[in-house]
Structures are given as structure tokens and as C-alpha cells.
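In short: position in the sequence shown from 1, add 2, done, that's the working numbering.
A couple of the hints might just be wrong.
[Claimed, not checked] So the derived label-pair ranges between C-beta atoms look like this: (1) 158 - 32: 41 to 51 Å; (2) 7 - 95: 56 to 66 Å; (3) 55 - 6: 19 to 29 Å; (4) 167 - 251: 17 to 27 Å.
By construction, these hints were calculated from the structure, which means they are not laboratory data. All C-beta atoms in this analysis are idealised placements derived from N, C-alpha and C, irrespective of residue type, glycine included.
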Amino acid sequence: MWVAERHRLILELLGAHQGLTTEKFADALGVSRETVRRDLIELEKAGHLARVHGGAVAAAVEQPEPAYAERTRLRREEKREIAALAAALPQPGDACLLDAGSTTLALAEALAQRQGLTVITNSVEAARVLASRGGHDVRLLGGRLDQDVPATYGDETIAEVSRFHVEWAFVSPVSFSADGGAMDYVWHEAAMARAMLSRAARRVLLADASKLGQTSRIQVCPASDVDVLVTDSGASAAQLAAFRQAGVPTILPASGDATPH
3 MWVAERHRLI LELLGAHQGL TTEKFADALG VSRETVRRDL IELEKAGHLA
53 RVHGGAVAAA VEQPEPAYAE RTRLRREEKR EIAALAAALP QPGDACLLDA
103 GSTTLALAEA LAQRQGLTVI TNSVEAARVL ASRGGHDVRL LGGRLDQDVP
153 ATYGDETIAE VSRFHVEWAF VSPVSFSADG GAMDYVWHEA AMARAMLSRA
203 ARRVLLADAS KLGQTSRIQV CPASDVDVLV TDSGASAAQL AAFRQAGVPT
253 ILPASGDATP H
């Protein structure tokens, strides 16, 4: 098969599936995985797709995320459902890393009703909410203050994260799909989430149903690196089945029923 023909078929497959593994591309095309990897590199350089761990996702033109202030007003009920489930995971004495976002802010509000946790976060608002109740040991990570999201980012912040080892990391990316994994739109947010996940024994991803099956610019981690997915009641059975097949061991829908892999 000519190179141009392989490239055309790869893009057609991505148009139908949004994201596929290298192995699935190789099976569909009848070529080796090494050949597929070379093709994906060339297509990424041309701007036709985005490579992720183990495969590629479609390079659809994406709209930037809404501003943080707007995101805090969207899907409030779904975020409360997710926060209630996630807040029940850590036990008194546990330490948690919490990234910055509207869903993790909802989690901070739910955690504020509890006692006895150490919560380390780069979110100024989450730290304020948690500290206002006085029931937790709250640590705000230093670093450069972002202009949109009230949070710290950058090399200094990541260096601080590397000093900790905690029981739980809670992150809320822009999107989460079985093929593309967790993804963010902004590089420094992806870097922060990745750093936090690397320092935790249990990695928890918070994503309302509108984020599931979607992709964005920068991969945080593959789906198989997530220990717990916490979503809301709008998630379909097919979506959840895809995440189980991708290696997510525990899924918490808004019904409160944990679904082990």
C-alpha cells in the first residue's frame, strides 16, 4: 500500500472513531505498528492529527475553554454530584492533591464539610474555601499566578508538588476518552495535573458527562493511568463500558454505585 493511501485511510479511521491505538491502526491497514508510528509522526507534523500515548486522536479544530468565571456557572448540579462522590473517598488522616478548576472547586466545597485531611492545592479559591472551615491542614502551592484561573502554575509549583507523596490526587481535565485519555487545552494546566497524578497512590479523575469521549490539545495521561473515574448520571452505559475496557478499575456514577473493572 502506498504511503498516501495509508495516510488517507488513517484519517478516515480517525474521522469515524476520533481516536485509535497504534495496534488498531496496524490491524485495519494490514501493516506493522512501526509503519503506523512513522505515518502518525508525518501526519502530526502536517497538522492532521495529534499523537497521544499508544495511538492518535483527530486534530479537530477546537474552541478554547470558556473563561473560568463562566465555567463555574456551568453544570453546577452535575459538579455537585461528582463532588459528593469524590469527597467520600479520602479518610481522616489522608493527604490529597487538588488541581485548579470549577469541578475541583466544587470538590473543595464538599470536602470543607469534613475533617482531618491534609489538602495541597494550587487553587487559590479551593484553599480559601477549605481554610475557612478550619477542619483541614491546607497547603497552597507557590508559583506564578495565572491570569484566568485563580491558581499557581509553573516550574516552581511543579517543584513543590514533587516534595509530596499523598494518598489521593484529584484532577479535572478538559476531556477524557478511552483512546485519548485525559487531556487539557492549556499546557501549564496539563503539566500541573500530570505532576499531581505522579505523586499519588490513588489517581482520581473528575469529569462530567459532557467531557467524556471528547479530546483536547495535550494529553495528561492515558485512561489506564486513572484509578477512579467520578462522573455524573448523564454518562451513558456505552461510555462507561469503554473506560472499563481501557483499564479504569473503578467508576463512580452519580448513582453512587462503584463499578469495579
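Do the hints match the structure? See the list:
1. A beta carbon spacing of about 50 Å between residue 158 and residue 32 agrees with the range 41 to 51 Å that was offered as a hint.
2. Here the CB-CB span from residue 7 to residue 95 is close to 59 Å, well matched to the stated 56 to 66 Å.
3. Distance hint check: the CB atoms of residue 55 and residue 6 are about 27 Å apart, consistent with the given range 19 to 29 Å.
4. A beta carbon spacing of about 21 Å between residue 167 and residue 251 agrees with the range 17 to 27 Å that was offered as a hint.
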